[in-house]
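Undergrad: Starting from the known structure of chain A, arrange chain B with the ligand on it as the hints suggest.
Chains A and B are the protein sequences, given in the same order. Using full-length UniProt numbering, you'd call the opening residue of the first sequence number 1 and step up by one each time. Using full-length UniProt numbering, you'd call the opening residue of the second sequence number 1 and step up by one each time.
No wet-lab data here; the hints were simulated from the structure. Here a beta-carbon is modelled for each residue, glycine too, at the ideal position from N, C-alpha and C. Accuracy of the hints is not assured; some may be wrong.
[Claimed, not checked] One side only, chain A facing chain B, incomplete, derived with CB under 8 angstroms:
| hint | residue |
| --- | --- |
| 1 | Asp118 |
| 2 | Val166 |
| 3 | Leu394 |
| 4 | Asn426 |
[What the hints assert, rightly or not] Stretch-level coverage of chain B by chain A, calculated; a stretch enters the list once three of its residues show a Cβ under 8 angstroms from a Cβ in chain A:
| hint | segment |
| --- | --- |
| 5 | 53-62 |
| 6 | 89-98 |
[To be verified] DEER-style ranges, computed between Cβ atoms:
| hint | chain 1 | residue 1 | chain 2 | residue 2 | range |
| --- | --- | --- | --- | --- | --- |
| 7 | A | Asp170 | B | Thr19 | 20 to 30 angstroms |
| 8 | B | Pro154 | A | Glu325 | 46 to 56 angstroms |
| 9 | B | Ser7 | A | Gly292 | 51 to 61 angstroms |
One letter stands for each residue in the lines below.
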Amino acid sequence: MEVELKELLSDLHSLKKSISDPSHLALIEKMHLHAENIATLEKSGTIRRSKVKDMSAEVVDSNPYSRLMALQRMGIVNNYERIREFSVAIVGIGGVGSVAAEMLTRCGIGRLLLYDYDKVELANMNRLFFRPEQVGMTKTDAAVQTLSEINPDVVLESYTLNITTVEGFDTFMSSLTNKSFRPTKSGSGVDLVLSCVDNYEARMVVNQACNELNQTWMESGVSEDAVSGHIQLLIPGETACFACVPPLVVASGIDERTLKREGVCAASLPTTMGVVAGLLVQNTLKYLLKFGQVSRYLGYNALKDYFPTMEMKPNSQCSNAACLERQKEYILAKPTRDAAAKAKADIEAVSPAENPVHADNEWNISVVDDEEVDGSDVKNSGICVLPEGIVHELPVADDYPKAPVTETVGPADDLEELRRQLEALNAD
Amino acid sequence: MEGWDPSTKSTLTQIPLLTIKAGPRDGAAWTQRLKEEYKALIAYTSMNKSKDNDWFRISAANPEGTRWKGKCWYVHNLLKYEFDLQFDIPVTYPATAPELELPELDGKTEKMYRGGKICLTVHFKPLWAKNCPRFGIAHALCLGLAPWLAAEIPVLVDSGMIKHKDDVATSSES
Ligand SMILES: [Zn+2]
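So here's chain A without its partners, still in its complex pose (with noise of 0.2 angstroms):
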């Protein structure tokens, strides 16, 4: 190919000089020029950067993790180097979800699942990652050709299913379980699982699957109406599961009965997206390589530029028989716990933290603590207060009678029965 454009380029200048028609010169011009950007793309598409053995902190051009490990010289990150052990599994690669994948592909992060059943349509292209040539390819094929052009350091894995559906969830998790990556690892076979679902079955499903699997994961998500979003933190019997308190939204502060839904699913935007995708690969990064603190949740509303967060605690009442299980064993581990914190805390009394944390406030900049919000406007939902501008964004399952479980067998509760049946009505 390269020694075909060679050719093709001499030629035409050839005939640049020879022609005696001065009126065909602009078209010969023009084919220069096209011969000549089809030489630069192929260029560009041979040159892959090679895998690199050991993360270095010399800060040369050629070295794509100086500006990284340079957190690590300042004393930001303990060891960042650390990144390359970690696996990161990100279901749904949409708006926030590809964006995300994107940045802990820069960032070196050692491994990445990658889950969605969708394809790459030209209406994605109002947001970001995903290029025009791209479209009809399974969304988790294009991402994996995209990140591993990026960085073929990182471990790449994609899985093209419906994690809602019995055969998806079945895969999702062994996938999750699957411990080849890092054999040494407790637990399961991930550090992290990121949700980047756009709907709430999904986040559901997440969350039934993190609970069985004891997983932590992130919780994020961009309203319909394109203008609010957020992130969340969930530890198994630690935190709130996603079923204990019905979801929440940032309100986008625009009175529900004057927006017009007629007609559309959802709007999206790419700078929304944006910014919750880096909110919550950078809450990510301090929850991986320790440092800073974790939010546990962090709204955005984008018309306020307001940034509300919260704390919420598991129910003793949900619904979700696996979270019941997690809180049960958080209680139980309490004393360990204690005996850990207690342990590191007369660690840290003996030697100083070498780093000193700069001191909180330092230019006096006020800013709306937790405890500031409970005024008037708060409403409590048992489990935690919710700040200002954060409202449930579905109801609570109404208490019902608990019918008594008779086990009448007779031809009116035969499964085959009732089959022919609605086939009999079906028939007609």
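TA: Just chain B with the ligand, lined up with the frame of chain A:
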């Protein structure tokens, strides 16, 4: 029940409510739930037929009863428009409702998610959540699909996005 028309409301109240909170991964409890699903579907289908308002056919597509297939139709200007209907019972059912799919209409309307999943009104999910586990497949069809067809099919027909099968046949013959 704000936001629902009176006929949907009255139909809904006549569909038997379910009692067992069990999903496809709950073994024997799911079988019990499945029996309740059948009873509700049988009652709803019979009721529709007796009112001369028969509008769907649905059957389990696998022995576990986790995948369902069938047809639904809507009459507009005296013409009947029929579509394939399918859905999976999600692993978190009945906490979350099944996502009803009309694959033939995928990409033809804004009120649809990818894969032909219909976009439900803002009223559906809160009502479903409030009534878990009493609502089942029959309720999802009554509250989700019936109003969707009534709102969307006339628009799709009038805008020419969908054609009646007789029109398609004549135009392809000519
Ligand atoms: Zn819970």
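Undergrad: All the hints need checking, so say for each whether the structure fits it.
TA: Verification of the hints:
1. A hinted interface residue such as aspartate 118 of chain A counts as satisfied when its beta carbon comes closer than 8 angstroms to some beta carbon of chain B; here the least separation is about 5 angstroms, so the hint holds.
2. Contact between valine 166 of chain A and chain B, as hinted, is supported at the beta carbon level, the nearest pair being about 5 angstroms apart and thus within 8 angstroms.
3. With 8 angstroms as the threshold, the beta carbon of leucine 394 of chain A comes within range of chain B, its nearest partner Cβ sitting at about 4 angstroms, so the hint holds.
4. A distance limit of 8 angstroms between C-beta atoms decides the matter here; for asparagine 426 of chain A the minimum to chain B is near 5 angstroms, and the interface restraint holds.
5. Coverage of the segment 53-62 of chain B by chain A holds in this model, with 4 residues showing a Cβ closer than 8 angstroms to a Cβ of that chain against a need of three.
6. Chain A is given as covering the segment 89-98 of chain B, and this holds because 7 residues of the stretch bring a CB closer than 8 angstroms to a CB of that chain, at least three being needed.
7. Separated by about 28 angstroms at the C-beta atoms, aspartate 170 of chain A and threonine 19 of chain B satisfy the suggested range of 20 to 30 angstroms.
8. For proline 154 of chain B and glutamate 325 of chain A, the Cβ-Cβ distance of about 50 angstroms falls inside the hinted range of 46 to 56 angstroms, so the restraint holds.
9. For serine 7 of chain B and glycine 292 of chain A, the hinted distance range of 51 to 61 angstroms is satisfied, since their beta carbons lie about 56 angstroms from each other.
No hint from the list above goes unmet by this structure.
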